[in-house]
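K.L.:
Each chain is listed here by its residues.
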Amino acid sequence: LAKTTQPISMDSYEGQEVNITCSHNNIATNDYITWYQQFPSQGPRFIIQGYKTKVTNEVASLFIPADRKSSTLSLPRVSLSDTAVYYCLVGDPEYNQGGKLIFGQGTELSVKP
Amino acid sequence: GAVVSQHPSWVICKSGTSVKIECRSLDFQATTMFWYRQFPKQSLMLMATSNEGSKATYEQGVEKDKFLINHASLTLSTLTVTSAHPEDSSFYICSARRTGTRSGNTIYFGEGSWLTVV
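Respectively, the protein sequence lines represent chains A and B.
Here the working numbering is used: the first residue of the first sequence is 1, the next is one more, and so on.
Here the working numbering is used: the first residue of the second sequence is 1, the next is one more, and so on.
Keep in mind the hints are simulated off the structure, nothing from the lab.
Glycine is no exception: its CB is placed at the ideal position from the N, C-alpha and C atoms.
There's no promise every hint is true.
What the hints assert, rightly or not - Partner residues are not named here, just some residues of chain A that face chain B (Cβ under 7 angstroms, in silico):
1) Ala28
2) Pro44
3) Phe103
4) Gln105
5) Gly106
Put together the whole structure using the sequences plus the hints.
P.N.:
Here it is, written out as structure tokens:
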């Protein structure tokens, strides 16, 4: 399973765009990149997943360069409720993991008014 | 969307007793479920993989005789912490894999269960 490296913490203000970068130098060909959000005393919540280039949904965008050795989660115009821990995970959700997710340290995002 | 429910949300037990935590997939079948433990300000640590109809697979360092896992049906996995001690106090989270699809959102997490051993 590919190891990931993220900043431990980030601070932002309401209304700003937040970009969290994750490094995964040994990502494998079949690996996808998935981001989860976790609030205190809750289970993680799926945010977005991608394989290459750019993926966008109603809550975030995921940018993946051609070499796929890193990825950036972009949260547009954050609000106080976006204060949470964000985890970047790399792996094949279907084949060689079958759903087994290994969580790294995560990035604690603090949004201030 | 798919929901995974854990029960109880929180439990307090006396040292030396056993406590059971349930994980249910409410609207889909899950042949595989996973149990995690999370201490305050730390990341999730995978404890074991729960397989329907067969023995669980434990991660290195996790005592299988202490953390009993039973996955008796396609919608229910239970984690029993036996002879609990204060150091077992933690936030326990389960996840379930929705079979038959290939995308990140096929893995759903429960709300978590707080265990406090006194």
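K.L.:
Each hint needs a verdict: does it hold in this structure or not?
P.N.:
Hint check:
1. Ala28: With Cβ-Cβ at 16 angstroms, over 7 angstroms, it is violated.
2. Pro44: holds, 5 angstroms
3. Phe103: For A/Phe103, the interface hint holds, since the closest Cβ of chain B sits about 4 angstroms away, which is under 7 angstroms.
4. Gln105: holds, 6 angstroms
5. Gly106: holds, 6 angstroms
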